[in-house]
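Peer 1: Listed below are the residues making up each chain.
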Amino acid sequence: MQSESSSELQTATEDTGIYIVDDEERRRLLRRRIERISKWCLPAIVLLLTVWYWDRIVHWNEIPHYILPSPGRVISTLLADWPILLDALLITLQITCLALAVAVIGGAGLAILFTQSRFIQMSLFPYAVILQVTPIVAIAPLIFIYVESKIAGLLICAWIVAFFPILSNTTLGLNSTDHNLRDLFRIYGASRWQQLLHLQIPTALPYFLGGLRIAGGLALIGAVVAEYVAGTGGIGSGLAFTILEAGYRLNIPRMFAALLLIAGTGVMIFTVLSLLSHLLLHKWHESAIKRDS
Amino acid sequence: MQQKLLSLRHVGKTFSANIEALRDMSLTVAEGDFLSLLGPSGCGKSTALRLIAGLSDPTTGQIAWHGDQTDHSIGFVFQEPTLMPWATVERNVWLPFRLTGKSFSSVQDTIRESLALVGLENFAESYPRELSGGMKMRVSIARALATNPRIILMDEPFAALDEINRFRLNNDLLKLREKLGCTIIFVTHSVFESVFLSNRIAVMAARPGRVIRELEIGAPYPRDERFRTSADYVAHCRTTSEALQESMDGHD
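From first to last, the protein sequence lines stand for chains A and B.
The numbering of the first sequence is my numbering, which starts it at 1 and goes up by one.
The numbering of the second sequence is my numbering, which starts it at 1 and goes up by one.
Calculated directly from the structure, the hints in this document are not laboratory data.
If you're wondering where the values come from, they're calculated on a predicted model, not measured in any experiment.
There's no promise every hint is true.
To spell it out: a stretch of chain B is covered by chain A in this simulated footprint if at least three of its residues, at any positions, have a beta carbon under 8 angstroms from a beta carbon of chain A; those stretches are [as the list claims (entries may be wrong)]: (1) 85-96; (2) 178-192.
Only some residues are given here: those of chain A computed to face chain B with a beta carbon under 7 angstroms [unchecked claim]: (3) I187; (4) Q194; (5) G231; (6) E245; (7) G247; (8) Y248; (9) K283.
Ideal placement from N, C-alpha and C gives every residue a C-beta, glycine not left out.
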């Protein structure tokens, strides 16, 4: 019904060039336009006000920069320390991306294995849950005792945190196939492999992508937390270590600058994964279609 | 005399919870038959169809194919359109070919022909979500027809559609059958639909499910809207309705 009435509206637009049918419609459109603008403007205003108030507080109370730096000082530190911060950012980013990649392969692979054999699922699933519910901060020190390479240790930690949402979501998706379609595949004599490839994996794709978006954020958290635990300096120190080190030296502006970069990285990962999800689903999946309109 | 295609001999099906879905069901389907299985819900119509499709095995009795023993090809149309939402219309129709290892380009013409038969040649590249309920059902029918199977099984395919669409698809289905000469087993709970479409109706009773009457609908094909209002049609509907009543009286 709804799609019919909207297509009618669209024809009206094409014919007359006028979208507005009556007063109610005019109000509705106006409301929608205001909402669209507010969606971007309001957060921007909140940000500006916060930054301005922060700046004023520092200025009015004459707070020294080693206690609370002004926003301007954070930005200038970000620019001045850029070479150091960039190196650290690249390392954190590298760990996060690698961990996410391993989580995708491990999580999705294990999910496929689970749906192929219930016995494997019964044997392993409880341990996947245990690994997930045990705080990574508690596991990490042990990992760094047994794993020589610091990078490998960070990677393992980030992977442990990130793989579970992919595993559980993909398993759910692979088991959510339409029962009639499953029957149809059987009638046409589909092999197990064909059923997996042409039915289960496409059905699981939206679930997997949902898990991936959660895992992206978790991989970053895992990488940062593990680095705090690892704590040692030298080569291969990421943003978390930069924050620790700057803290020891009371270089508060650099702490803020590094924090800004971590937050930015998280936002970027989420945006990229959302975009990927949209690209893969927008033609057919309900979730992506609703977001369009 | 038409050639026999399929026989059910004393077929029974009992599910694990001691539910007897079918008991001693015997039925013969001839080449070119349009056979309707008509009965109240729970009479085992769909179970019978699933047994014929090979989706489950009978507890007792047997299902035998006559003639060519190597070809048990089946087309199946469910109550829901049962399309893959991630694939375009033509890719959905490609499915049965794809599962037998045929590339899309090698069967593209067959797919287009099949879509043209159901009047959807212009929607080959649309996604299922862009189609109405009736159109989705047509895609489902095109997919069942495309492989030119020996028999098409339809499980209440039009039950979820509104009456106008149902009548239209009834007419189109008969035209398709006229053109292709396919054999169809059609499950329905509508007396009117079964009389309009079929040349034979097997009226079934519930608990346990079985065939209690077989009716011949002698009216010649092609049948169109005029048949729907003819005295002949009304008479057949009355007979069928009485048989259905009889099937329910014995039990409630």
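Peer 1: Each hint should be assessed against the structure and marked as holding or not.
Peer 2: Okay, the hints, checked on the actual structure:
no. : hint    : verdict
1   : 85-96   : holds (count 5)
2   : 178-192 : violated (count 0)
3   : I187    : holds (5 angstroms)
4   : Q194    : holds (6 angstroms)
5   : G231    : violated (47 angstroms)
6   : E245    : violated (49 angstroms)
7   : G247    : violated (50 angstroms)
8   : Y248    : violated (53 angstroms)
9   : K283    : holds (6 angstroms)
Checked against the numbered hints given earlier, this structure breaks hints 2, 5, 6, 7, 8; the rest are met.
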